[in-house]
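The primary structure of each chain is shown beneath.
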Amino acid sequence: MKKGEIAAIIDLNEDGALGSLTAARPIGTLPFAGRYRLIDFPLSAVARANVYSVGLFMPRSSRSVQDHVRSGEAWNLDLIQGGAFLFPYVATRDYANAELRTRYYDNYSQFLRRSGAPYTVVMGARNVANIDLAAVLAYHKLGSSSITALYKNVTPNRVRADDPLLTLSELSTASAVLNASQQSLSGHEEKLPRFMEVYLLDTVYLLDLLDQASAAGEFARLPELLRDAVLEQNANAFEYTGYLALINAVDRYYQANMRMLQERNFQSLLYSSIPILTKSKNEVPTFFAHESKVSGSLLGTGGFIEGSVARSVISRNVTVHRGAVVEDSVVMQGSKISNGSLVRHAILDKGVVIGPNLVIEGTAEAPLVLSKNQTVFKPLDQEANTHA
Amino acid sequence: MTGGTGGGSVASEKRGLYGNRNVGDDLGGRSGTRLGKLTKSTAKPSVPFGGRYRIIDFTLSNLSNSGVDTVGVITQYQPLELNRHVQNGASWGLNERGAGVTILQPYASSEGEKFFEGTAHAIYQNIAYIDSYAPEYLLILSGDHIYKMDYEQMLAQHKAKKAALTVGVMPVSMDEATRFGIMNTDDTERIIEFEEKPAKPKSNLASMGIYIFNWDTLRRYLTESYATGSGLEDFGKDVIPAYLAHNEPTYAYAFHGYWKDVGTIHSLWEANMEFLSPHNSLNIADRSWRIYSQADANPPLFVTTSATLDRAMVVDGAFIAGTIIHSIISRNVKVGEGAVIKDTMVMPDAVIGKNVHIDHAIIGENAVVGDGGEVIGTENEIAVVGYGEVVGRREKE
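Chains as they are written, first to last, in the numbering used here: chain A, 1 to 388; chain B, 1 to 397.
It is worth saying that the hints were derived from the structure and are not from the lab.
Mimicking DSS-like on lysine-lysine, the simulated pairs with C-alpha atoms at most 25 Å apart in a straight line are: (1) B:K354 <-> B:K342; (2) B:K148 <-> B:K161; (3) B:K334 <-> A:K279; (4) B:K334 <-> B:K354; (5) B:K237 <-> B:K162; (6) B:K40 <-> B:K334; (7) A:K281 <-> B:K148; (8) A:K293 <-> B:K334; (9) B:K342 <-> B:K37; (10) A:K293 <-> B:K342; (11) B:K260 <-> B:K237; (12) A:K336 <-> A:K293; (13) B:K200 <-> B:K237; (14) A:K350 <-> A:K293; (15) A:K350 <-> A:K279; (16) A:K293 <-> B:K354; (17) B:K334 <-> A:K281; (18) B:K159 <-> B:K148.
If you want the footprint, here are the derived chain B segments under chain A, 3+ residues with CB under 8 Å: (19) 46-56; (20) 281-291; (21) 314-326.
Just a few of them, taken from the derived set where beta-carbon distance is under 10 Å, the chain B residues facing chain A: (22) V303; (23) T305; (24) L309; (25) D310; (26) I329.
Note that CB positions come from ideal geometry on N, CA and C, so glycine has one too.
The shape of chain A in the complex, shown without the other chains (with noise of 0.2 Å):
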């Protein structure tokens, strides 16, 4: 695929409710599998199909995106031409000002133009999956519109009301995206089509509708302006077969690091065709002590492991004391349990330490969430945390 045929809308203004976890950080930048962030999952994916220009929109708390993501080079995106460009975030309140609703739509038509490329995608990071835009593109290109959504077909377990759809006709095409709750659905679905949030559009065509947008009296953010496109011009509908996982609750996001120590989700969404790339730490290797105990877990580097492990995702440079128990946990970065200590259905945020003997316990189905940098070094009164 030629150099520079696509340029890249990476917005992380997304919703969810993930209580602390996204207190200080947008969903973006969530640490997954132990060793990324969400937001590497589309940046792996536009530094694979050669794309020469990435816009990142930046969401309200923009430094942890803008500490992982520095030059862009881990993602080859430390160009002459292009690179990672950074948009600030254009606040709510600001909508109501004419002048500055025109200046959010120039962002993104100022970036597109300067790109020079035919093709833009544009995505979040909430979507966890492994997306071949060469694919894509040639889809799209043999596509009637100047507009291709993705989706994946899903059984209807896996879809809340607020998910979105695509409304799909029989010809492949898609008339409309609609959250479940909006549909009429008869309940006896086998497979709904998940929409992943992922466009891919006809730059000229892109740059018309925020023309438009500016144009127009009313404000309406970017995702808005394109369920309208579809809805006015219907898109050609792809479909993504490859790992998918929503992040946008705190059981789905504790669930989606579940189902990684399956070996077949870790292929599919690690070891595919499209490397996942992230920045990499220099830590040192793991060590693993004689007492240790690990079994069916995702460790990464930089960790010291006396006691036992399973069933857990663990991130880098954690420390897992003589006598600690942690299992089906999540356990971010620098964070270090003591002596005799039992983690259970837990998620230990960044740099989380707790004391000896305590027990750190949730459930499958409300996993308890530590905050981060939190210290505990009495018994939890759990009410304060499980809300999260």
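Put chain B on the given structure of chain A with help from the hints.
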């Protein structure tokens, strides 16, 4: 070199240049043969170490941590993998503008071919490169030692003593002293005599092959010696004796800490086993003196329900279904169910099949040990599977 590029830089008043010699064994007919199969197709400094490093990472990281920002890597023997690993030095923070890493390879010119006949000869052949930075000091190092050292402290002593040459030395036991080049010093650390592998050592200060020279002086010695047809080829054999004979102020700088020459299969294996110990004085996890390596983006380590890890060091990208006892498993290594690996160093991208038994071994990069295969060595005779070598049964997929 330093040229005052920020904190911790060495020799801030004048520039100093730091060459990195790794010609070592690759010259003088020894061609890295002591590492056998492992250096058949790659230079010693690019041999993997400790799960996620290559040997040269220790030297390059020491340079970066010491505030050195200009490094020439002299290479001659099988340089492909080394070049690919070092690239522009960015992985070690050595890619600053106007400085950085330069790979110095032998070349042909109108004066003939410039192959390197010895360590000092390699410097002579690269005088133009060194002159282009006009350094005051030149630091010469080996790329095949495992250690953490602050060269800035050595330079501070070099300046304080107003030395023409400072030699890094390591106190060893008197027994071991018979295997090294030994520096005999007076009570001001000035070297008065140099003995190569003395039968009856008078001191226990072994040369580490680390030198700081005043560039002007060394340049004069080299150019004059080659102009008169009696070229100084080797630092140990020729340059140090010449300096001592002409009474140049030559001092020893004693280094205390972990230092290991990994020039043989056994010492490479032993250094890896020492690296495994959480109490190793190298203290690899010390974040104030980190060892950097080329950045890879591998998936996390996957440990299945059938795995056992006992005193194991494992790196990202590895997939472990077997039993690992007192061993190092490098990135992207696959270990099948029922396999038992003991007292072994497995290099990157190796594939270990099911029910394989490996004991006291080094498994080379990309090697394959087929299902049910056995690789058994002993403490005195470490078994080696070479790069890309395939041993044992291999079932069809």
